[in-house]
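Guided by the hints, dock chains Z and W onto chain D, whose structure is given.
Protein chains in written order, with the working numbering: chain D, 260 to 365; chain Z, 63 to 225; chain W, 1137 to 1784.
In case anyone wonders, no lab produced these hints; they're calculated from the structure. Fair warning: this is a prediction, and the values are worked out from it, not measured in the lab. Glycine is no exception: its CB is placed at the ideal position from the N, C-alpha and C atoms. Treat the hints with care, as some may be off.
Computed Cβ-Cβ distance ranges for the label pairs, DEER-style [to be verified]:
| no. | chain 1 | residue 1 | chain 2 | residue 2 | range |
| --- | --- | --- | --- | --- | --- |
| 1 | W | LEU1784 | Z | ARG140 | 46 to 52 Å |
| 2 | D | ASP359 | W | THR1753 | 27 to 33 Å |
| 3 | Z | ILE212 | D | ASP359 | 25 to 31 Å |
| 4 | Z | GLY187 | W | ARG1759 | 54 to 60 Å |
| 5 | W | ARG1759 | Z | THR185 | 54 to 60 Å |
| 6 | W | THR1753 | Z | VAL199 | 43 to 49 Å |
| 7 | Z | LEU81 | W | GLY1775 | 53 to 59 Å |
| 8 | D | ASP359 | W | TYR1736 | 45 to 51 Å |
| 9 | W | SER1764 | Z | ARG140 | 21 to 27 Å |
| 10 | W | VAL1743 | Z | SER205 | 56 to 62 Å |
| 11 | W | VAL1757 | D | ASP359 | 23 to 29 Å |
| 12 | W | GLY1775 | Z | LEU209 | 30 to 36 Å |
| 13 | Z | ILE212 | W | SER1764 | 28 to 34 Å |
| 14 | Z | ALA65 | W | ARG1759 | 49 to 55 Å |
If we take Cβ atoms under 7 Å as the criterion, some of the chain D residues that face chain Z in the derived model are [as the list claims (entries may be wrong)]:
| no. | residue |
| --- | --- |
| 15 | LEU267 |
| 16 | GLY271 |
| 17 | CYS279 |
| 18 | MET292 |
| 19 | ASN299 |
| 20 | VAL306 |
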Amino acid sequence: MITVQHWLVLSGMVFTLGLCGVMMRRNVILVMMSVEIMLNAANLALVAFNKHLAPVAGTVPPDGQVLVFFTIAVAAAEVAVALVIAMLLFRRLDTVNVDDVANLRW
Amino acid sequence: MEALVFWIAAAAMVAFTLLTIAARNPVYSACFMILSFAATAALFVLLDAYLIAAVEVLVYAGAIMVLFLFVIMLVNLRESEHEGLRLNPLMVLAAGTFLALMSRAVKDLGPAVQETPNTLVGTPGLLADTLFSRYVVPFEAVSGLLLAAILGTVVLARRKEDA
Amino acid sequence: MDLTSPWLILLLPLCSAVLITLFTQRSPRVSAGISIAAVAGAFAVAASHLGQVLHGENVVLTGHFTWLAAGGHDFHYGYLVDGLSMVMLMVVTGVGGLIHVYATGYMKDDPGYSRFFAYMSLFMFSMLGIVLADNLFQIFIHWELVGVSSYLLIGFYYRKDSASAAANKAFLTNRVGDFGFMLGILMLYYATRSATGGAGAGDFQAMAQAVANPAWLHAAVVSVGGGHWHLTNEHFLWIAGALTFMGIMGKSAQFPLHVWLPDAMEGPTPVSALIHAATMVAAGVFLLGRILFIYMPSETALSIVAHVGAFTAFFAATIATTQFDIKRVLAFSTLSQLGYMVMAMGLRGTDAAMFHLTTHAFFKALLFLGAGAVIHAVHTNDIREMGGLIRKLPVTGWMFVIATLALCGVPPLSGFWSKDGILHLTHHPPEYAHTWLIMLLPTITAVLTSYYMTRLVLLTFFGQPRDHHKYDHAHEAPLNMVLPMAVLCVLSVIGGPLLLGPEVLEHFRAITRPAGVPEYHYVALDAETILDALLIFGLGAGAALLAFGVRAIDPDRVKAALGPVYRFIDNRWYIDELYAWIVKNVQQNVARLCDAFDRYVIIGTIVNGSAWTTRATGAVVARFQTGSVRAYALLFLAGVAALLALNL
Chain D
260 MITVQHWLVL
270 SGMVFTLGLC
280 GVMMRRNVIL
290 VMMSVEIMLN
300 AANLALVAFN
310 KHLAPVAGTV
320 PPDGQVLVFF
330 TIAVAAAEVA
340 VALVIAMLLF
350 RRLDTVNVDD
360 VANLRW
Chain Z
63 MEALVFWIAA
73 AAMVAFTLLT
83 IAARNPVYSA
93 CFMILSFAAT
103 AALFVLLDAY
113 LIAAVEVLVY
123 AGAIMVLFLF
133 VIMLVNLRES
143 EHEGLRLNPL
153 MVLAAGTFLA
163 LMSRAVKDLG
173 PAVQETPNTL
183 VGTPGLLADT
193 LFSRYVVPFE
203 AVSGLLLAAI
213 LGTVVLARRK
223 EDA
Chain W
1137 MDLTSPWLIL
1147 LLPLCSAVLI
1157 TLFTQRSPRV
1167 SAGISIAAVA
1177 GAFAVAASHL
1187 GQVLHGENVV
1197 LTGHFTWLAA
1207 GGHDFHYGYL
1217 VDGLSMVMLM
1227 VVTGVGGLIH
1237 VYATGYMKDD
1247 PGYSRFFAYM
1257 SLFMFSMLGI
1267 VLADNLFQIF
1277 IHWELVGVSS
1287 YLLIGFYYRK
1297 DSASAAANKA
1307 FLTNRVGDFG
1317 FMLGILMLYY
1327 ATRSATGGAG
1337 AGDFQAMAQA
1347 VANPAWLHAA
1357 VVSVGGGHWH
1367 LTNEHFLWIA
1377 GALTFMGIMG
1387 KSAQFPLHVW
1397 LPDAMEGPTP
1407 VSALIHAATM
1417 VAAGVFLLGR
1427 ILFIYMPSET
1437 ALSIVAHVGA
1447 FTAFFAATIA
1457 TTQFDIKRVL
1467 AFSTLSQLGY
1477 MVMAMGLRGT
1487 DAAMFHLTTH
1497 AFFKALLFLG
1507 AGAVIHAVHT
1517 NDIREMGGLI
1527 RKLPVTGWMF
1537 VIATLALCGV
1547 PPLSGFWSKD
1557 GILHLTHHPP
1567 EYAHTWLIML
1577 LPTITAVLTS
1587 YYMTRLVLLT
1597 FFGQPRDHHK
1607 YDHAHEAPLN
1617 MVLPMAVLCV
1627 LSVIGGPLLL
1637 GPEVLEHFRA
1647 ITRPAGVPEY
1657 HYVALDAETI
1667 LDALLIFGLG
1677 AGAALLAFGV
1687 RAIDPDRVKA
1697 ALGPVYRFID
1707 NRWYIDELYA
1717 WIVKNVQQNV
1727 ARLCDAFDRY
1737 VIIGTIVNGS
1747 AWTTRATGAV
1757 VARFQTGSVR
1767 AYALLFLAGV
1777 AALLALNL
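Isolated chain D, as found in the complex:
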């Protein structure tokens, strides 16, 4: 029997993997991909909850799915702009290593 906990633990695992990617990779593009992974995991959790909170009879209100819809749209926009910035950074500093942009240090 697949309970909602299964889904949520799965979602958590993928989220954690994405987290590890953010923390441990040095290529800025890879970091952004890891962020996408995290967003994706969150979407999964949202849809799982949607199914979980559904009533027994009648139609299922798809609010969770609508939220996922929005999340995907926003993620797309954000990725576009973020990649442009990464590219500009590459043009300027000739590196995509995230450790090389530590200018905002004390």
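Quick look at chains Z and W alone, frame taken from chain D:
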């Protein structure tokens, strides 16, 4: 039957994600990520979210990952500059702790997922009903957001010479 | 507004001061006119009530308004016109007015002419405020105002270092006295507050009534040892009295707060005449008269007052015998006479003291004005450069002589009546004052007074001129200086019978006059008293004549023979040096200690410490800002995990 699909798809998703973050070559990472999204789409179908599954493939795997691939190609790293995952124990510990806490949090969440009758749930029609009635304002806002993102991208990516 | 309202007495000089300061600084004649008009007006208003006070029984005029009512304390500003203040009013406005007129001549051609009259008007306002005050707090305010006026006037020639130093000295010495004064006032107010009911703060009449009540006197303020010993209101009263006396010592220049008066001669001579002879220094005596009811229950307090006065009189007289500056001699003479007045108050003789205050105002003012005329004529203060001036300034000279005789108590001049009244008190004192200090010294002091005044007169006006250049240029004073002196001279002569005659003195009593103050013993014009007075005068004057007149005794040989004694006296008993030593060693070291405390403990620890702590904390916290995105992500994660853990 469903449980089987779940386990296979779940395993695939986790495996591919792991490979994404661990691969040396960024192009390999991108490819693994696409596969990961495919698995996710399968999982969405399992959850009766048909439109979302389709959108996942179309937008995420189709558009976003293409964008990523473009940029990776643009950067054009040489083989020598490929570095992979460097395991930092502190970070692994933190992530592990986080996962443990999360799991602990969702431990007692109530009865199992209901088995719904085979009505078509996450269909475009149903989604559209909700989207354009209760969520019409966020809908319009998101369209504005997309416009802003497009403009921003175009402006930012210009070189000084093309005025 | 009622033209005879006592408020005008205060308002006129105040308006004069303000007007002159703001508008007429460029017009000296107008300034003088305004100032004199104000004093004359005040005199007129005061005089209009004279008849009332003289012929009535215990007539009192009062009026006040509340200028501050806060937390159950009502502070009034008002006036109290009774016999005591009537005397002072006439003296202050009368003598003051005459001196104002004199000053128009003396200060002529001085660039600060208008400024002078502005200050004089300010002084008149301040002094009259003391005289008219109906409560202790108002007196204190005007007490300080008078101090300020005195400071401004002593330091009138501000470009001279010695003058500004003298002004500072006067103000600071007064401040020391006022510290005690304030404490005394507060103690008195605290003690009598509940007993005075709803009257204003420190109101004299209310306080006098409260103090007269024996039940109040023995009520305990503090009980020690479970009722074994009480600090009663009586004890409180005498401590408060002693503290208040500090203020009087400062203002009336009693020992040991006398040091400012000789130096105050740096001011222009009219100032010396008005402030430091006739009025301001007499304020202390006046105050004593007002608040004698505080001292009455305690013989200790009265004894202190009397002994301090007696000692001051003697002390100052000794120093006066060695001085060569004409104004300094007169200054020490004033100190001495003030000592007499304070002593008389201490011996419960308010009438005698006030009488002497009045006559002293007449002849001392005259002496100073005469000295001013002399200085104006020969342009020096040093009597060693004078001599034989009686031939060049006959009018001034003979008036000076008459004033001297009055001061020495020669009958039938005014000084005889008042001084002998006091001397009589010292020969028959109350029990607590049966000391040789009281019974013997004042008489010796009187002999000394005759001696040094005669010496002064002889050296200044008689004999051969010692500086011919100065002598040749000397000329008599102009009319506007001579006339006021003439008026004062007449008063010095007839002052005795004038005040005693129609039993005027009986009416010059304080409303707060406590029970137990004896009636004034009018000096009977009998042979014994007259002979005593003449004997005293003869001894002193005779000695002076021998030394300086006919040169039978050589003063220089006497000086050499006395050696160290003479030096001790000549250096004013080294009191100034003692104070300088105390300031340099004690005060400065205390100040250094405080400075060190401030610098190391307060600034070092607290101020700098808090700054250092802030900076150190900041430095530690700033280490988190590495600029590395990954580190930030890790921190994020740690934070979220912590939150989760907390909420599980």
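Here is what the structure says about each hint:
Checked against the hint of 46 to 52 Å, the C-beta distance between W:LEU1784 and Z:ARG140 comes to roughly 47 Å, which is consistent with it. Take D:ASP359 and W:THR1753: their Cβ atoms lie about 30 Å apart, and the range 27 to 33 Å holds. Between Z:ILE212 and D:ASP359 the C-beta distance comes to about 29 Å, which sits within the given range of 25 to 31 Å. Separation of Z:GLY187 from W:ARG1759 is about 57 Å and conforms to the stated range, judged on CB atoms against 54 to 60 Å.
In this structure the hint that W:ARG1759 and Z:THR185 lie 54 to 60 Å apart at CB holds, the actual value being about 55 Å. Checked against the hint of 43 to 49 Å, the C-beta distance between W:THR1753 and Z:VAL199 comes to roughly 46 Å, which is consistent with it. Our hint of 53 to 59 Å for Z:LEU81 and W:GLY1775 is violated, since their Cβ atoms are close to 29 Å apart. Checked against the hint of 45 to 51 Å, the C-beta distance between D:ASP359 and W:TYR1736 comes to roughly 50 Å, which is consistent with it.
At about 24 Å, the beta-carbon gap between W:SER1764 and Z:ARG140 stays in the expected band of 21 to 27 Å. A hinted range of 56 to 62 Å for the beta carbons of W:VAL1743 and Z:SER205 is consistent with their spacing of about 59 Å. For the pair W:VAL1757 and D:ASP359, the beta carbons lie near 25 Å from each other, so the given range of 23 to 29 Å is met. For W:GLY1775 paired with Z:LEU209, a C-beta distance near 34 Å keeps the hint of 30 to 36 Å intact.
Between Z:ILE212 and W:SER1764 the C-beta distance comes to about 32 Å, which sits within the given range of 28 to 34 Å. With their beta carbons about 51 Å apart, Z:ALA65 and W:ARG1759 fall inside the hinted range of 49 to 55 Å. Interface hint status for D:LEU267: upheld, as the beta-carbon distance to the closest one in chain Z is roughly 5 Å, under 7 Å. Hint status for D:GLY271 relative to chain Z: holds, with the closest Cβ pair at about 4 Å, below 7 Å.
For D:CYS279, the interface hint holds, the least distance from its beta-carbon to any beta-carbon of chain Z being 5 Å, beneath 7 Å. Hint status for D:MET292: holds, given a least beta-carbon distance of 6 Å to chain Z, under 7 Å. A cut of 7 Å between beta carbons decides the hint on D:ASN299: the least distance to chain Z is about 6 Å, and the hint holds. Taking 7 Å as the C-beta cut-off, the interface hint given for D:VAL306 holds, the closest approach to chain Z being about 5 Å.
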